[in-house]
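There are 2 protein chains.
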Amino acid sequence: MIASTPIQIERTTTPKPKPPQDKLGFGIYFTDHMFIMNYTAEFGWHRSRIVPYQPITLDPAAKVFHYGQTVFEGLKAYKTADGRVQLFRPDANMKRMNRSNDRMSMPPIPTELALEAIKGLAKIDQDWIPDGEGNSLYIRPFVIATEALLGVQPSLEYQFIVIMSPVGAYYPEGINPVKIFVESHYVRAMVGGVGEAKTAGNYAAGLKAQDAAKDQGYTQVLWLDGAEHKYIEEVGSMNVFFKIDGTVYTPALNGSILDGITRNSVIRLLKHWNVPVVERVLSIEEIYEAGKNGKLEESFGTGTAAVISPVGELNWRGEKLIINGGKTGQLSEKIYNDLTGIQYGKLEDPFGWMIEVH
Amino acid sequence: MIASTPIQIERTTTPKPKPPQDKLGFGIYFTDHMFIMNYTAEFGWHRSRIVPYQPITLDPAAKVFHYGQTVFEGLKAYKTADGRVQLFRPDANMKRMNRSNDRMSMPPIPTELALEAIKGLAKIDQDWIPDGEGNSLYIRPFVIATEALLGVQPSLEYQFIVIMSPVGAYYPEGINPVKIFVESHYVRAMVGGVGEAKTAGNYAAGLKAQDAAKDQGYTQVLWLDGAEHKYIEEVGSMNVFFKIDGTVYTPALNGSILDGITRNSVIRLLKHWNVPVVERVLSIEEIYEAGKNGKLEESFGTGTAAVISPVGELNWRGEKLIINGGKTGQLSEKIYNDLTGIQYGKLEDPFGWMIEVH
Numbered sequence: 001m002i003a004s005t006p007i008q009i010e011r012t013t014t015p016k017p018k019p020p021q022d023k024l025g026f027g028i029y030f031t032d033h034m035f036i037m038n039y040t041a042e043f044g045w046h047r048s049r050i051v052p053y054q055p056i057t058l059d060p061a062a063k064v065f066h067y068g069q070t071v072f073e074g075l076k077a078y079k080t081a082d083g084r085v086q087l088f089r090p091d092a093n094m095k096r097m098n099r100s101n102d103r104m105s106m107p108p109i110p111t112e113l114a115l116e117a118i119k120g121l122a123k124i125d126q127d128w129i130p131d132g133e134g135n136s137l138y139i140r141p142f143v144i145a146t147e148a149l150l151g152v153q154p155s156l157e158y159q160f161i162v163i164m165s166p167v168g169a170y171y172p173e174g175i176n177p178v179k180i181f182v183e184s185h186y187v188r189a190m191v192g193g194v195g196e197a198k199t200a201g202n203y204a205a206g207l208k209a210q211d212a213a214k215d216q217g218y219t220q221v222l223w224l225d226g227a228e229h230k231y232i233e234e235v236g237s238m239n240v241f242f243k244i245d246g247t248v249y250t251p252a253l254n255g256s257i258l259d260g261i262t263r264n265s266v267i268r269l270l271k272h273w274n275v276p277v278v279e280r281v282l283s284i285e286e287i288y289e290a291g292k293n294g295k296l297e298e299s300f301g302t303g304t305a306a307v308i309s310p311v312g313e314l315n316w317r318g319e320k321l322i323i324n325g326g327k328t329g330q331l332s333e334k335i336y337n338d339l340t341g342i343q344y345g346k347l348e349d350p351f352g353w354m355i356e357v358h
Numbered sequence: 001m002i003a004s005t006p007i008q009i010e011r012t013t014t015p016k017p018k019p020p021q022d023k024l025g026f027g028i029y030f031t032d033h034m035f036i037m038n039y040t041a042e043f044g045w046h047r048s049r050i051v052p053y054q055p056i057t058l059d060p061a062a063k064v065f066h067y068g069q070t071v072f073e074g075l076k077a078y079k080t081a082d083g084r085v086q087l088f089r090p091d092a093n094m095k096r097m098n099r100s101n102d103r104m105s106m107p108p109i110p111t112e113l114a115l116e117a118i119k120g121l122a123k124i125d126q127d128w129i130p131d132g133e134g135n136s137l138y139i140r141p142f143v144i145a146t147e148a149l150l151g152v153q154p155s156l157e158y159q160f161i162v163i164m165s166p167v168g169a170y171y172p173e174g175i176n177p178v179k180i181f182v183e184s185h186y187v188r189a190m191v192g193g194v195g196e197a198k199t200a201g202n203y204a205a206g207l208k209a210q211d212a213a214k215d216q217g218y219t220q221v222l223w224l225d226g227a228e229h230k231y232i233e234e235v236g237s238m239n240v241f242f243k244i245d246g247t248v249y250t251p252a253l254n255g256s257i258l259d260g261i262t263r264n265s266v267i268r269l270l271k272h273w274n275v276p277v278v279e280r281v282l283s284i285e286e287i288y289e290a291g292k293n294g295k296l297e298e299s300f301g302t303g304t305a306a307v308i309s310p311v312g313e314l315n316w317r318g319e320k321l322i323i324n325g326g327k328t329g330q331l332s333e334k335i336y337n338d339l340t341g342i343q344y345g346k347l348e349d350p351f352g353w354m355i356e357v358h
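These protein sequence lines are chains A and B, in that order.
For the record, in the first sequence the residue sitting at position 50 is 50 according to UniProt numbering, with numbers rising by one throughout.
For the record, in the second sequence the residue sitting at position 271 is 271 according to UniProt numbering, with numbers rising by one throughout.
If you are wondering where the hints come from, they were derived from the structure by calculation, not from laboratory data.
Watch out, some of these pointers could steer you wrong.
Said to hold, decoys possible - Among chain B residues calculated to face chain A with C-beta under 7 Å, some are: (1) H66; (2) Y186; (3) S237; (4) L253; (5) W316.
As the list claims (entries may be wrong) - Stretch-level coverage of chain A by chain B, calculated; a stretch enters the list once three of its residues show a Cβ under 8 Å from a Cβ in chain B: (6) 225-233; (7) 314-328.
What the hints assert, rightly or not - Here are the simulated DSSO-like cross-link-like pairs (lysine-lysine), alpha carbons at most 30 Å apart as the crow flies: (8) A:K208 x B:K95; (9) B:K320 x B:K95; (10) B:K95 x A:K214; (11) B:K23 x B:K230; (12) B:K230 x B:K119; (13) A:K95 x B:K320; (14) B:K208 x A:K208; (15) B:K179 x A:K230.
We put the beta carbon where it would ideally sit given N, CA and C, even for glycine.
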């Protein structure tokens, strides 16, 4: 099978200067190399290669521009104090990518092949993994439909590409609570749609609400369900958790919510600590109720970029709810410290989450 | 203002052979030239140019690949019997494009500028408009986000591109009814989402249901509303009409349905003829009810590609409903003949819809 041939490597002859550690931001700078692999209906996935980071050239009729067949993933490589390079649960990302591929009528990518690509690329550009507390190398695998044909049918040609960006600490001055606007007008996704797929269209669909929330001084929106605008889905591009009276709640996966890998890791960590955690349908009303009764102790979002993002305030139809006095809760902080501790190799990894790049 | 500078034209030195008239299909062949214009936050829309049809080159971090900010339009140029070239309601397309741009947090394109681009391109490649009954030149304007940045915010850079494809008659053997599967599981869009925007993600989201319907012998799916799976939205990528007891019904625009230009033209034509036409919420149940009572006389879809596509059969939860004995209805045929008659310049155009290209 052509797909199993080794990765061809073409090294750059003009390595770029690395950006200053304190100016990294998120997804602004890209490393010296990228991975590409092609798919055709005839040959399947083939021609896997690492090449110098470069523009891609597509026919203007390529389906990605017109019908949006695309999926992506996001994960990070970390450098440990003793100089090892490790990835956080890349196998989980590759499995999810294939669930997204399936939902978008796109061909699956053999998990081993995708993992090899990511490890190979992380290895060749490992000097790009920044030192410094909270810094890491963000890895962005994505698949795009490239067939040049305007018929509305699944593309017969694709490219799988991996690019990488050194990123700074999400909270340069330490983990800080955000203010969240509960969105009652716009809807991100609904059951029966593509909300659980990590596909480009879901993100474009959320921009207008996000901009409106920012105009009012909020960092992100909290999305409610599309049918009744009653039930909590997710926060911006993160999953969301609430600690009420000692128990941690998060919306159950229903097809319209992203099956977050940080979400899943937090649930496993909480169970490991014997903290009660419940996945179920959660209404915004009961969160406000708990807030008024003094039982809402903490809230936080989970995602690859921020890991844990405490929520200090909600605004639902003009009614503000301050959570934990607007401060980071103890449990939020403990989860953040433990998860990042595992990721940076400072703490033991009892779950076998970290995959070392040799 | 830079945007108002004239269009720069670079003609091809290697014109392509034209495809055979009987093998045109849809969106397979592209003409010799394309239009491109750039947008930056600093300069607005600028550098409008017609160049030889060619691949486009983008950074792999361009936002269109990751967050799906893109809108498109579709319209046609027709050649009349006496050799004139005319466009069908291009102003309506450009206005809709800007409504889509707004929903997707993308910058508007001055309508005059976009119309000039389309007319200029149609003129330079007018030899590509195929002769022959039902043939036309399909024009595909689209806008893509090109900024190379992985933050989830609206792009600060875009390209507006127009490509054109000579297309064949949708029904080479005359207008023929299609079989439609009523989709009860998957959902295309919902109120509060981006269903009324002509954006790539809406089309990718529909592919899986479409493929499942095709596997069962159906041409397209009929989408129901996302909240209750009860109310009719649209058919595949067309709007849908039902003639019941002498009155024509079509779902009212609600934000999740595309504001079709053919849909609007059909409504205006019906009013012109004094045929009662009603836009309102329509349940699939009442359509089946009307079918059982013998009051459902005709059904048809409307769109740029097919103009009118009669519906001969519905299948809802396994229950088949044959419409008008599976044959094309009289009114469907009359609308088709009159609309295409106006488009090809065979009939008078009482609405001022046709715009001639000089």
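For each hint, the structure was consulted:
| no. | hint | in the structure |
| --- | --- | --- |
| 1 | H66 | holds, 6 Å |
| 2 | Y186 | holds, 5 Å |
| 3 | S237 | holds, 6 Å |
| 4 | L253 | violated, 17 Å |
| 5 | W316 | violated, 16 Å |
| 6 | 225-233 | holds (count 4) |
| 7 | 314-328 | violated (count 0) |
| 8 | A:K208 x B:K95 | holds, 19 Å |
| 9 | B:K320 x B:K95 | violated, 39 Å |
| 10 | B:K95 x A:K214 | holds, 27 Å |
| 11 | B:K23 x B:K230 | violated, 40 Å |
| 12 | B:K230 x B:K119 | violated, 42 Å |
| 13 | A:K95 x B:K320 | violated, 38 Å |
| 14 | B:K208 x A:K208 | holds, 27 Å |
| 15 | B:K179 x A:K230 | violated, 37 Å |
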